[in-house]
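Trainee: As they're listed, the protein sequences go chains R and Z.
Each residue of the first sequence is one higher than the one before, counting from 0 in numbering that gives the first Met the number 0.
Each residue of the second sequence is one higher than the one before, counting from 0 in numbering that gives the first Met the number 0.
One thing to keep in mind: the hints can contain errors.
[What the hints assert, rightly or not] Straight-line distance between alpha carbons at most 27 Å, and here's what the computed DSSO-like set of lysine-lysine pairs gives:
hint, chain 1, residue 1, chain 2, residue 2
1, Z, 339, Z, 328
2, R, 304, Z, 286
3, R, 339, Z, 58
4, R, 328, R, 125
5, Z, 286, R, 286
6, R, 328, Z, 286
7, Z, 339, R, 58
8, R, 88, R, 328
9, Z, 328, R, 286
[Said to hold, decoys possible] Sample of chain Z residues with no beta-carbon within 12 Å of chain R, all distances over it, derived:
hint, residue
10, 61
11, 75
12, 102
13, 199
14, 204
15, 222
16, 288
17, 314
18, 328
Hints in this document: simulated from the structure, not taken from any laboratory.
All residues carry an ideal CB built from backbone N, CA and C; glycine is no exception.
2 protein chains.
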Amino acid sequence: MADSKKNVLVIGGGAVGAIAALNLEVGGLATVSVVLRSNFKPVNESGYSIESCDHGILKNWKPSHVLPQVPDITNQSLPPYDYIVLVTKNCPDVPPSISSLVGPALPATNTHTTLVLIQNGLNIEKPFIESHPHTTVLSGVSLIGSAETAPGVIVQDDRDRLLVGAFRNPNIDVALEQNKAKEFVQLYGKGGKTDCVYSETVLHDRWRKLVYNACLNPICAITGLDTGRIRLADGGIEGLVRPAMQEIVQAAKAKGVELAENVVDFMIEVDPLDIYLSPSMLADVRKGNYIEFENLLGEPLREGKAAGVPMPTLEVLYQLAKAIQWRTKEAQGLVQIPPKRNAVA
Amino acid sequence: MADSKKNVLVIGGGAVGAIAALNLEVGGLATVSVVLRSNFKPVNESGYSIESCDHGILKNWKPSHVLPQVPDITNQSLPPYDYIVLVTKNCPDVPPSISSLVGPALPATNTHTTLVLIQNGLNIEKPFIESHPHTTVLSGVSLIGSAETAPGVIVQDDRDRLLVGAFRNPNIDVALEQNKAKEFVQLYGKGGKTDCVYSETVLHDRWRKLVYNACLNPICAITGLDTGRIRLADGGIEGLVRPAMQEIVQAAKAKGVELAENVVDFMIEVDPLDIYLSPSMLADVRKGNYIEFENLLGEPLREGKAAGVPMPTLEVLYQLAKAIQWRTKEAQGLVQIPPKRNAVA
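Assemble the whole structure, with the sequences as input and the hints as a guide.
Mentor: Given below as structure tokens:
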């Protein structure tokens, strides 16, 4: 493959996107443009500062191109990208929609560009296959511990493991989709600093990760405890995490996805206790950011319930996450409330 | 009644205790000593600053006596109090126990002093009837909106309604217990600024208040939303509050307590939306204080489950509250955790 380098657009250069861009660049098979929003200014001026258990310490590291917004390839007469990698958060309950974000770089009629969704949760490909019916859409399931501790400052304290496969697009030949997935694995893994693997079982990978992401992630966000502390807290695992995870295992099973018997214990222990890792939703709540609870928690809950699986724990966690999201919407001015009345005479 | 004033010891002079002391003093039938802990210094020096929807604005208001600790009546050769009113928080999961706190002013052999528990939740009288078998124990169920916004500064923005009855102590004559309850209602209500009522249905009163306190109170604490905002938030009422409240209504029914049909709607709307009232657990979480979740949420959950009532919502809320309590215990140094390991090479 790759006589010449592939042109890759990474949208979202936060904790996970910066490490993705780094892996693609160090492999030497790709030229990476990263679209940044909140951290554009510091990264554009002096690059990333990265402390990584995979890559060591990098000062002032920059991808080939740093962009303040998604380029409009039609208006700017740019060639289409070979890959567009989406590593933004995905909150369908908060405007703007992800597909409107990608729009300028991905015409609805696209056949050339492969879209890679390194995003969590279920059914995230569906809006794209609808709006871009001839686009190959790949699934990236990332298990990484990484945080942006200040704009442009990335601390990766748990190694990057990426599973890549093709979402099934009925308008595209299966072999072609799978070849694109295998090619992307090469681009991403060539640098040898990451554990990037091709997978034919995308749905299995996604449900498997939901054992963590629909359960431990919101439970940490709601309780304010990281994954080490929730294991130490009274009843945190047996009262909350394990019952929630077992509901996901049952929902997956009802959807035809048989997870390994030890998956619950594996996911409970996947983050080393003594690094006290804050999963994404907890980090987001602490920063006053929106949480990705609809794809991570809402979709598996809806699928499980529709398949007749009792999901009492997930149901309550979902409703609490929705209320917490509303709190952020109020803080961000997305919802307004009546003024406070002074009740004291 | 009351040729001479009754000697009343109020233990706990926070948001609710200060208003209780005020009501007892303005009635003119009691001499009140208040035991303060965290706010002793400011109140002892310059009294309370009170803004109250019942009492108006009071500056530098002091009860007859302000004490820094519970007096040891045996060692100090003091006469026993006529009433000891407990208005502290009640967290049986956090030492020291409430009964050890009261001990110095209430010998185990006491027959004279009547103990009044203006505290929420179920089964709170049981440890006292065991440790003080000949003490009359009264139940005070308070519906009040009051907060201590700074030490000694009380803002009461919803009126005080107190239901007083006798807990059944099998070692004491029923009529005698009930007379004590009626006498206390007179002491407390005489000033006319409060709505204090005698009740023969203590268990009913307590379960009724749990419709609010086992549900709205922890849901607000967990989501960080006050009682106005939870009514405005997406799904807050229909997804969380109402299902939780219905579980309490069913648990009460299983325990022989039939609540009025409209109790759920009543409790949802009991706090005016536009005063955005923070219930006690939310206020406690914001201050980094322990929450009273065991008596408010744990006891009704255990009683309901033991009676065969399905309580999936309360179960998850309870486990989350327990994890949040553990977070406070860690912050307060009551639990220790292993040191953090640096995962970056």
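Trainee: Look at each hint and say if it fits the structure.
Mentor: A quick look at each hint next to the structure:
no. : hint          : result
1   : Z:339 / Z:328 : 18 Å, holds
2   : R:304 / Z:286 : 38 Å, violated
3   : R:339 / Z:58  : 25 Å, holds
4   : R:328 / R:125 : 25 Å, holds
5   : Z:286 / R:286 : 19 Å, holds
6   : R:328 / Z:286 : 23 Å, holds
7   : Z:339 / R:58  : 25 Å, holds
8   : R:88 / R:328  : 16 Å, holds
9   : Z:328 / R:286 : 23 Å, holds
10  : 61            : 21 Å, holds
11  : 75            : 39 Å, holds
12  : 102           : 27 Å, holds
13  : 199           : 31 Å, holds
14  : 204           : 24 Å, holds
15  : 222           : 4 Å, violated
16  : 288           : 14 Å, holds
17  : 314           : 8 Å, violated
18  : 328           : 8 Å, violated
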